[in-house]
Amino acid sequence: MLARNETIIKWALYAAISLLCAGVQGAVLQRVELLGVIPFLYPLIAAIPATFESPTAGTAFAIGAGVFCDLLLPAPLPCFYTLIFPLAGLCAALLAQSVLPAGFLCSCAAAVTAFLFTGLFHCFLLWLDGKTAWGPGICTAALEALVTLPAVFPMTVLYRWVYRRTHLDD
Amino acid sequence: MKNFLKNHGIWVLFAGAVIAAALSLMSFFSASPLVDITGVLASPFRAAYTSIATWFNDKQAYYKDVKALEAENAALKKTIAEMEETVRQAQADRDENELLRQLLDLRAQRRDLSDFEAATITEHSVTNWASSLTLNKGTNHGVEAGDSVIDSTGALVGVISEVGYNWSTVLTTVDTDTSLGARVFRTKDLGLAQGDFSLMSEDLLRLDYLPSDCELLSGDLVETSGLGGYFPSGLVIGHIREVRLDDSGAASYAIVEPAVDFDNLSEVFVIKSFDIVT
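Order-wise, the sequence lines are chains A and B.
Once you know that position 151 of the first sequence is 151 in the numbering used here, the rest is easy, because the numbers rise by one and skip nothing.
Once you know that position 266 of the second sequence is 266 in the numbering used here, the rest is easy, because the numbers rise by one and skip nothing.
Please keep in mind that the hints were generated in silico from the structure rather than gathered at the bench.
The model shown is predicted, which means the values in this text are computed figures rather than measured ones.
One or more of the hints may lead you astray.
Derived coverage of chain B by chain A (criterion: at least 3 residues anywhere in the stretch with Cβ under 8 Å from a Cβ of chain A; other residues may be distant) [unchecked claim]:
no., stretch
1, 13-22
2, 123-130
3, 171-182
No residue lacks a Cβ here, since even glycine has one placed at the ideal position from N, Cα and C.
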């Protein structure tokens, strides 16, 4: 059990790293196009910290990331990311708890899951709108995941550093 | 010696007088030999201390010159900086002037578009799922959601979807959330121009709900119909690229290439109000 100030420091550092990633996304990655898509770090912000935390805490952090994205990005629904990121965070936390131990491999799996969820939700909303695009949608999500995967490694290192700094006894 | 002066003193005095008289006489025609000799002897010393003094004077003057040049250099640098600032300002003014001239031309061409707001694009598409632009004008300049956005040629860029105090987001004509009443200029056929996700990455859109008897040609101009009064009529959307049959095979739709190059767009105009032309 962490002391209250340790807990506050941990989540503040998670938030600071997430803001740094958002800054990199806005300043650099948004202007880069690889394989016809822009690398997209936001699903990683929801998924990777959750792999180090419990499902509840991971989901809560993912909700925060979702709200942040909804405030910042255009989306088909006003609460698009707030709805889908918690699911990605929960899956990432469960994945780390029961399938793969938290680490690079787990972060990669969580990232792919987050992109899959986000892409499928986009496609679902397009389908609801009568503009079915399952094929191109899944293709876009896959390309997005592919070009963003290299960013999983530095982000995992950063989030893991915060986790280890605050969980010295674990 | 005492005896010598006693015996020859008068002669010595005389000789001295003669020499003095001779020297006085010579001094009428040239410098006194004594003065001359003294001058000759003093000349190297005089030259030496003159050169030392000159060296000191030169050093002093050099120091003064360096100081003056440094001051002048600093003043010139300041002047150059001011002039560069003026040039930059002139460049900005020239760009603004060009923009306002375009706006003036546009106003002259389209009298129904009564109120424009020039805006700069601050950000292009931020996700792979939407085609959007962020502008630097918002509610503080009277921009509202639903306003049409055009470029300097009068071609439709998109529609304002979200507005903040000093920013607004435009969904471009190729975005999946954009639907516009459209008309083919040549045939007057009406349809619905809307974004399609599979075409969005290629910056293309669809023209749906075309009449079954329409005969469209590649290159036909597509413009806003203005029906419903949501958007001004006659704004160029793009040109027909090809006509395809839909999945059912019963109806056709056209692929439209927008007239606007979204990637190279930097300045746009928001139409804040317009007169409905019937």
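Now the hints, each set against the structure:
no. : hint    : verdict
1   : 13-22   : violated (count 0)
2   : 123-130 : holds (count 8)
3   : 171-182 : holds (count 3)
The structure does not agree with numbered hint 1 stated previously, though it agrees with all others.
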